[in-house]
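Undergrad: So you can see what is in the structure, the chains are spelled out below.
4 protein chains.
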Amino acid sequence: MDHASRDHGLNRMTELLTDEVETGEPVRQRIPVAVLGATGSVGQRFVQLLEDHPWFRLHEVVASERSAGKRYADAAQWRLETSMPSKASDLVVRSLGDELESGLIFSGLDSSVAGEAEDLYADRGAVVVSNSKNHRMDPDVPLLIPEINAEHLAAIDRQRGRRGSRGYIVTNPNCSTIGLAMAIAPLERLFGIDALHVTTMQAISGAGYAGVPSYAILDNVIPYISGEEGKIESEPLRILGKWSGGHFVDASFRISAQTNRVPTIDGHMMTIALSLRKKPEANLIDAVRRAIAEFSGEPQELALPSAPRRPLHLVDEADRPQPRLDRDRERGMSVSVGRIRPCPILDIRMVALVHNTIRGAAGAALLNAELLEARGLL
Amino acid sequence: MDHASRDHGLNRMTELLTDEVETGEPVRQRIPVAVLGATGSVGQRFVQLLEDHPWFRLHEVVASERSAGKRYADAAQWRLETSMPSKASDLVVRSLGDELESGLIFSGLDSSVAGEAEDLYADRGAVVVSNSKNHRMDPDVPLLIPEINAEHLAAIDRQRGRRGSRGYIVTNPNCSTIGLAMAIAPLERLFGIDALHVTTMQAISGAGYAGVPSYAILDNVIPYISGEEGKIESEPLRILGKWSGGHFVDASFRISAQTNRVPTIDGHMMTIALSLRKKPEANLIDAVRRAIAEFSGEPQELALPSAPRRPLHLVDEADRPQPRLDRDRERGMSVSVGRIRPCPILDIRMVALVHNTIRGAAGAALLNAELLEARGLL
Amino acid sequence: MDHASRDHGLNRMTELLTDEVETGEPVRQRIPVAVLGATGSVGQRFVQLLEDHPWFRLHEVVASERSAGKRYADAAQWRLETSMPSKASDLVVRSLGDELESGLIFSGLDSSVAGEAEDLYADRGAVVVSNSKNHRMDPDVPLLIPEINAEHLAAIDRQRGRRGSRGYIVTNPNCSTIGLAMAIAPLERLFGIDALHVTTMQAISGAGYAGVPSYAILDNVIPYISGEEGKIESEPLRILGKWSGGHFVDASFRISAQTNRVPTIDGHMMTIALSLRKKPEANLIDAVRRAIAEFSGEPQELALPSAPRRPLHLVDEADRPQPRLDRDRERGMSVSVGRIRPCPILDIRMVALVHNTIRGAAGAALLNAELLEARGLL
Amino acid sequence: MDHASRDHGLNRMTELLTDEVETGEPVRQRIPVAVLGATGSVGQRFVQLLEDHPWFRLHEVVASERSAGKRYADAAQWRLETSMPSKASDLVVRSLGDELESGLIFSGLDSSVAGEAEDLYADRGAVVVSNSKNHRMDPDVPLLIPEINAEHLAAIDRQRGRRGSRGYIVTNPNCSTIGLAMAIAPLERLFGIDALHVTTMQAISGAGYAGVPSYAILDNVIPYISGEEGKIESEPLRILGKWSGGHFVDASFRISAQTNRVPTIDGHMMTIALSLRKKPEANLIDAVRRAIAEFSGEPQELALPSAPRRPLHLVDEADRPQPRLDRDRERGMSVSVGRIRPCPILDIRMVALVHNTIRGAAGAALLNAELLEARGLL
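Protein chains in written order, with numbering that gives the first Met the number 0: chain D, 0 to 377; chain C, 0 to 377; chain E, 0 to 377; chain G, 0 to 377.
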């Protein structure tokens, strides 16, 4: 994969750039990118993950009118454990809707504004890689997990046609959905899933910085997250389905989701029970464990910069995975699966954990963009 | 129910007692009781709940050799929000195995010693009301929830026969089981349950004072509680079953339980999905809601002192029940049920909450003892 | 104190009222009261504490335009552990500024609107008992802790004169200040305080329901609370000062306050180190302990309904007071003081704890109003 | 500093070692080290920090009889966020007291056994770098913070003389003390400290894995840590004192410490108020800020592997430092200082934060050992 010679719509940008020359390495120019909603939770995570990214370079930060014109360091109340990247600090915040120089745009916008704004930039010719829910179920927008359904990128052609533009939108799933879909993808592939119960225990960061008041969640569990169960019951079917004959054909199993907010900071946990269509004759548990341990996909083959070495980590200890101990495996990009055991009612039970703001949000979008770049779609 | 004239094995004790004479009320003597394991978590809760109990009076506290001979105030490291009852403070701790004057004994013993000690006192003629797991599945020991299976008390006769003693043991279920069994009892009665998935989110007090290190659970979820899933998958079947022909006949549905520890102090939450054998023709959800709202049992009829007015509280808000807001309903003796809604796979989904150390432990045992007293079995 | 025969400005209201007649007691009519900001955190606590109050009866609830006209049950998102009082549920929310029938008004208003609104109602003739900060330092408004400075009520005359109205405002101090001022009041009285260092560890409820995002405080401490240190450094001087010659004369010692937010729900903790002006010759620690244990004031003499039996609880255990275990002493109306010991630099060190939303807010205001009633000032 | 040619007592070990040869770098052999108490909290942190250490190589793990003979992976219940280093997993645990091959020994032993065991190994000729409290105040044992009192290493000669051995013990201070001593060291140097009040808010990891039950600390603050205040009031005086004329001469100011446990996982916070002996004529606050920002010491000059670039981070935001956001600065080796402002009673107030298990424990010991190596004392 030769990134120096790629030839696509971003080339018009490369003359604007002067990347650092690293000693002894051939000079390469990184792709300038914009982040929409850059001052919010997901936006900050984008800015953090883009620091030192080998292929992408943060070039523009975009936020609401209120922040426009300020230095990013003044507009964003930075809340991550690492320091604000120094290169981001001095960027001047652009206003949502402004013309942007970047041809690749990450969107961490709130769903109240994401729908329209993402369409706008895609129509203007940009590639919009979105974490928002608005366009996830559009009939020609890939709902992408690169390890699972890279072939959904075929929908881009049709989307470009509809827009009459080189631009398009690609989305990543809801944070809990990503954990669930990845954990069960090898089982759907090998055995076919028939029915699935999932109960989630979701971290407070999933609701954004001020989403969950401490008075609501300390010493407490909230058995409800608005709209979440519907997403978890529908998105995995799209993800595990096919692009066929010019449209998405969903997988056909049934999901029952019950969602809860618990007092953890990062890391969505879920208990899963599921039945399979065809079972191996011999040891089912061993077959399931092997399927999970060996799961791999295109990001691993292509060695994309954000790809985990192993998308699924099979953990053996009886009391794992745990959010605090396992969420950061492979920089938060792996899903951990444990407690694989028989179910007295269905076939299999297990526990899965996903870092909701990395693999479940900004990291997912970044990996999506890397796949687009590797496939020559930027 | 005339408690002044009851005539049973405890009468030998009444001459020892001088109860406070409350102005204007006929003088009644309360039944002297002992608490085994009185310095532990469950034992402290017994001592707390017995303060000012109208029928029972704390007369003896029993603990391990190490505490024996000390004042209770010196032996117990009191950890409840209310002050140690002053009458308990001055009791001298007896050693486990000592002869006791009380004919009614509450056991909050650790399971490592409960089995033998409870048998010992029952064989000697005492009524042992236990919160420990050891004898729960014995073939002639009631696993009692007075609202559900008061008819299991019929097993006492057979147990007395086996022991050749007036004494016997009655047990209450595991803390999570109580919440689950109560929430589903009206559904089993009316419709019959076929299969049930439950995922628990259990408070740290369920493991005893030092059971869960803070380093293990802060900002974390632990998807494993030793032995818990087995109890939840078996105990409800005994509880919802019958005493018939001299032995227990279990209910016959299947349960799949997945248990988790979460950072809450008190209150076990659980998500439930279940299928029913026979469904009402009309609106199933309404029928289920009504069954839960109207559920009542013998403790309510008898107006037992610890009985909640309503054993099940149907909560309507979309995001309830919640441990911190709902665990203390009716002094912790009610189970709250909410989010009753259809299941895409089975018939019904709902959320239940039980105060694990009150209704799920010491309060359950107290209610059991009250039923025994009201039935003339003390 | 004969409440049946009191004769004051509220009498015009009594004909509107029909109170429940309690058997065997002389019929008394409770005073109708209004709560400003009734849907907020402090307002909800007022509504909760007024349920079953023997002297006061919740008659009107007042909130912002947005809630006006709705039933209280629909306007307020109730967040306390007990259920919303049924009598409050059906009250129709009045709009701030509306004419009110109640002559006694509790204000839990946000400081952005409290200043003007409280003046408005006082000018119209009502007695406004406020928890807001706006008028605390006014030259003729009592900053009242009934156990300490009941004589500050002398300022009311002058305030009424200024307003040309029967109405006036009385305030209670900041939540942390109340704990501090009460803990040191007996020392100031007996020995005189010279200098005092205090570091607070404040619960999240102090910032109101949505004041502290969980993402900000889980696994964290925030060493800053806006405006708090200034209040703690000035308010106690006013409280412990005198009303003399028609104005307040502050106490003259110096306070250095450092404030922190910690992940507790209720209960502000503080470590205190202080020096005294005159010391007892003999054992200083004993003298201080005695002074604290014996502290009492007018609420105790008058046996006001909300008065704790002992305003200060001296706790002896080395590791107490603790928020979760001690905040609810005497229904949250007592301040707990412990760890009284010498200081290597100053004279005395100790730890104090106050329930910030009861004794430190709504409960404080209620006690203030009870003192006003007992003094015949309503 | 040429580590290849160092000539000291460890040379006898080098023939046992085969280090990895890294391409293009001169082959260097890392020093084999042992960890005492390797299965405990501090021991695990040592094992973690030694992975990939450029100078030291984990060669032996030592624990109690109970673990001896097992693989480390089987003996230690690993509880850190990163995985157990694979090279550690296969080491066979040695028993405390066994002859060791390593000449450099890190001790994370519990104080109940540390005193004797550390003496034993030092007498046998090993350099023991200890995190335990037992020998901290010995008259010839350095209580070392390399940035502050590297000259205390002069005591080693005398200690070796006493032991009649090449071996000796060096200790690091208590976790809170390290944060405090580092934060005030530049002020003591420049202005001299006269008196100091400190209140700590300490993380639960400071008590070891099972030290603080979750039931004790959730929604709570514990205003007491056994023995902690005494250490904080004495150790800084030793650290900031001199080695002169063959013994330690303590600094002479007074410290008053009040310690609290709060529900945070890692990171000890403290509020500090202090008075200075001589003050700059001009702006005191600016002078203090500059002193802290510019503080540096021998580890920085020598660029020791574990040395932070800046030992003190001056943070400017009004609400910082905060444990979760700032404890990991420079891999947990920097102390953060903020809120520097005047004190109404003394001269200066500020807030400091130290990562208690890294800079405050294992990381401190590691830096001590690096200084010993750089000084040719191994």
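Possibly wrong hints are sitting among the right ones.
[Unchecked claim] With a Cα cut of at most 30 Å, we get these calculated BS3-like pairs of lysine-lysine:
#1 Lys230/E x Lys241/E
#2 Lys132/G x Lys230/E
#3 Lys69/E x Lys86/E
#4 Lys278/D x Lys69/C
#5 Lys86/C x Lys230/D
#6 Lys277/C x Lys241/C
#7 Lys230/D x Lys241/D
#8 Lys132/G x Lys278/E
#9 Lys277/E x Lys230/E
#10 Lys230/D x Lys278/D
#11 Lys69/E x Lys132/E
#12 Lys69/C x Lys86/C
Read the hints as simulated data drawn from the structure, not as lab findings.
Undergrad: Hint by hint, note whether the structure agrees.
TA: Comparing the hints with the structure gives:
1. A threshold of 30 Å between alpha carbons decides the hint, and for Lys230/E with Lys241/E the separation of about 18 Å falls inside it, so the pair holds.
2. Between Lys132/G and Lys230/E, the direct Cα distance comes to roughly 41 Å. Violation of the 30 Å bound is thereby established for this hinted pair.
3. Annotation: proposed proximity of Lys69/E to Lys86/E holds, straight-line Cα distance about 15 Å (limit 30 Å).
4. Taking the CA atoms of Lys278/D and Lys69/C, the gap is about 62 Å. The hint is violated against a cut of 30 Å.
5. Simply put, Lys86/C and Lys230/D have alpha-carbon atoms about 57 Å apart, too far for the 30 Å limit, and the pair is violated.
6. Distance hint between Lys277/C and Lys241/C is fulfilled; the C-alpha atoms sit about 20 Å from each other, no more than 30 Å.
7. Using a Cα cut-off of 30 Å, the hinted pair Lys230/D and Lys241/D holds, with the two alpha carbons roughly 18 Å apart.
8. For the given pair, Lys132/G sits about 37 Å from Lys278/E by alpha-carbon distance, which is inconsistent with the 30 Å threshold.
9. Annotation: proposed proximity of Lys277/E to Lys230/E holds, straight-line Cα distance about 27 Å (limit 30 Å).
10. Straight-line distance between C-alpha atoms of Lys230/D and Lys278/D comes to about 28 Å, which keeps the hinted pair within the 30 Å bound.
11. Proposed proximity of Lys69/E and Lys132/E is supported: the alpha carbons are some 28 Å apart, at most 30 Å.
12. Proximity of Lys69/C to Lys86/C is assessed by CA-CA distance (about 15 Å); at most 30 Å being required, the pair is judged to hold.
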